[in-house]
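S.K.: Sequence:
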Amino acid sequence: MRGRCPESERMKATEKRAFFAKRILLFALAFVFWLGGTAPLRSESVTLIHSNDIHGTYKPYQMKTDGGERWVGGMEAASHYLREIRGRDKNVLVIDKGDILTGTLAADLKYQDVVGGAMMEFLNRLGYDAWSYGNHDFDRGQQNAARLTGLARFPTIMSNIVSKTGQKVFSAEPYRVFNLGKLKVGVIAVMEENFLTEVRKDATAGLEVRPMAAALKAYLPKLEKETDVTVVIAHCPFAEAERIAGSVPGIDVVLVASNDGQFKNVNGVLVQSTWGYQKTLGYLKLNVEKHKVVNYEQQLIWLWAEGDLNPEPSVSALVKDVEEAIGAEFAKVIGQARADYVRSQYPQFDAPVESPLGGWIADVMRWKTGAQIGLHNSGAIRADIKAGPVTKADVFNVSPFHNTLIVFHLTGRQIKDLLEHDVERDWDRLQVSGLSYRYLPKAVKPYGQRVEDVEVNGDILVKQGVLLHPEKAYSVVSNDYLVGQAKDKYFGFAAAAPQDTGFSLYQTLVEWLEEYKTLEDRPLDRIVEIH
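Under this note's numbering, the first residue of the sequence shown carries the number 1, and numbering increases by one thereafter.
Because the hints were derived from the structure by calculation, they are not lab data. A few of these clues could be false.
Derived pair list, reagent style DSSO-like, types lysine-lysine, alpha-carbon separation capped at 27 Å [what the hints assert, rightly or not]:
{"#": "1", "residue 1": "Lys290", "residue 2": "Lys217"}
{"#": "2", "residue 1": "Lys184", "residue 2": "Lys290"}
{"#": "3", "residue 1": "Lys225", "residue 2": "Lys320"}
{"#": "4", "residue 1": "Lys59", "residue 2": "Lys110"}
{"#": "5", "residue 1": "Lys90", "residue 2": "Lys64"}
{"#": "6", "residue 1": "Lys292", "residue 2": "Lys182"}
{"#": "7", "residue 1": "Lys184", "residue 2": "Lys285"}
{"#": "8", "residue 1": "Lys64", "residue 2": "Lys110"}
{"#": "9", "residue 1": "Lys489", "residue 2": "Lys368"}
{"#": "10", "residue 1": "Lys184", "residue 2": "Lys90"}
{"#": "11", "residue 1": "Lys489", "residue 2": "Lys517"}
{"#": "12", "residue 1": "Lys264", "residue 2": "Lys285"}
{"#": "13", "residue 1": "Lys290", "residue 2": "Lys320"}
{"#": "14", "residue 1": "Lys445", "residue 2": "Lys64"}
{"#": "15", "residue 1": "Lys386", "residue 2": "Lys320"}
Now the in silico label distances, taken between C-beta atoms and shown as ranges [said to hold, decoys possible]:
{"#": "16", "residue 1": "Lys292", "residue 2": "Ala325", "range": "43 to 51 Å"}
{"#": "17", "residue 1": "Gln345", "residue 2": "Asn265", "range": "21 to 29 Å"}
{"#": "18", "residue 1": "Arg88", "residue 2": "Asn124", "range": "21 to 29 Å"}
Think of the CB as a built atom: it goes at the ideal place given N, C-alpha and C, for glycine as much as any other residue.
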């Protein structure tokens, strides 16, 4: 019997270990490939932060809450909360959805030769990534709107405001693709189709608005191919945004400039709005896998301005600069309010159509011109007057549009017709003076049969639905915007032979307060819905 060779035995053992090691390695590699092919990919997240309807707000103000009054808003509060979000979340995209102009003196100042330019500079210093036009960004004309975009250090996005002649998009990009981490996010914006009736006619001359759905369908197929997520900015009512979400393919998110703080999931399309005047920021965090939003987190972030804020120093510096530019003149107290003079919130919150502030403005227009009737649209009233001292700045904030007073005549029949038209439209309702009326709800009577009783300075014009003086003429005063949009929006017909008095509405309100000093508490009894 031969003896064993120790060296040979060691070689065989080594070969056996190598064989098993290779088998284990191959098995491990096969398992890894199998795992990679069947396990879900890790999702990437993007956080969308959005605002709208800033309307010149740059300082905090008091608002009523269930627990009493609290300070909210202002650019320093916005800066504080944006810093918190960016410190916590990755891949943050900050968007403003329009209407930075018209509302306070800050939006009326010239900054770098642009009216309201300071508001755009605030967005620059807050680190916004994009914005789109709102209708009020055209209040100072097309040229000024275009200059605003020139100040922005980020893209202006709008796809459906075009020139009537060349059909070129007005001073904007139709869409933009943003690279956020491993994700490509496409953003496209559209304007509501009644844009042309929401702005003075001279401010939109030569422009037209393509239907929102048609504009989106023209761009979205290309945008979808280039991106992981598609976001639509819609400057329109929330209900219209819901319809877009449900009818236009290729959309993941609709951010709505409707100033009502809503959220809905429409067949997988996320639709969110936020509150304006810097009450809240909209917050929508998306987790995305394989070009699909797999889950999300949504909320409204309230911009409470109490406590220790930590804003960017450059934002605080601009707040100080704007405050100094407004100056002592507009801080002068010119009167007192015995009670809160508020705007109408109708049709929200079961609020009445009539408002103390609207009635006072219509009264003052009649006081200045001697007209029998005063009419003023609720949407032109941009701020409330709190009980206490009233300054020139307070009055400007109420009426910042640089409107003038227009006088014209209406017959009794036309007055009945425009009131029927106002009830039918049921939004941006007319505030009245020298006139009172009662009407039945839309659900009770058809159009044209709802206005039951009308009095003009004590004279009965309509009684129990019967028009008593159809041809009698009455003098009327209103503002230039309302008269310019009388046919298309407010009356259903044009005002004949209107005469511009040249009187500034703002200056007229200041003049009245300087003379009479006091806003007294008053009942709401001019516009009554019959129940």
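S.K.: Now look at each hint and say whether the structure bears it out.
M.R.: Quick rundown of the hints versus the structure:
no.	hint	in the structure
1	Lys290 x Lys217	holds (22 Å)
2	Lys184 x Lys290	holds (12 Å)
3	Lys225 x Lys320	violated (46 Å)
4	Lys59 x Lys110	holds (18 Å)
5	Lys90 x Lys64	violated (34 Å)
6	Lys292 x Lys182	holds (14 Å)
7	Lys184 x Lys285	holds (15 Å)
8	Lys64 x Lys110	violated (32 Å)
9	Lys489 x Lys368	holds (26 Å)
10	Lys184 x Lys90	holds (14 Å)
11	Lys489 x Lys517	violated (35 Å)
12	Lys264 x Lys285	holds (15 Å)
13	Lys290 x Lys320	violated (47 Å)
14	Lys445 x Lys64	violated (37 Å)
15	Lys386 x Lys320	holds (24 Å)
16	Lys292 x Ala325: 43 to 51 Å	holds (49 Å)
17	Gln345 x Asn265: 21 to 29 Å	holds (27 Å)
18	Arg88 x Asn124: 21 to 29 Å	holds (23 Å)
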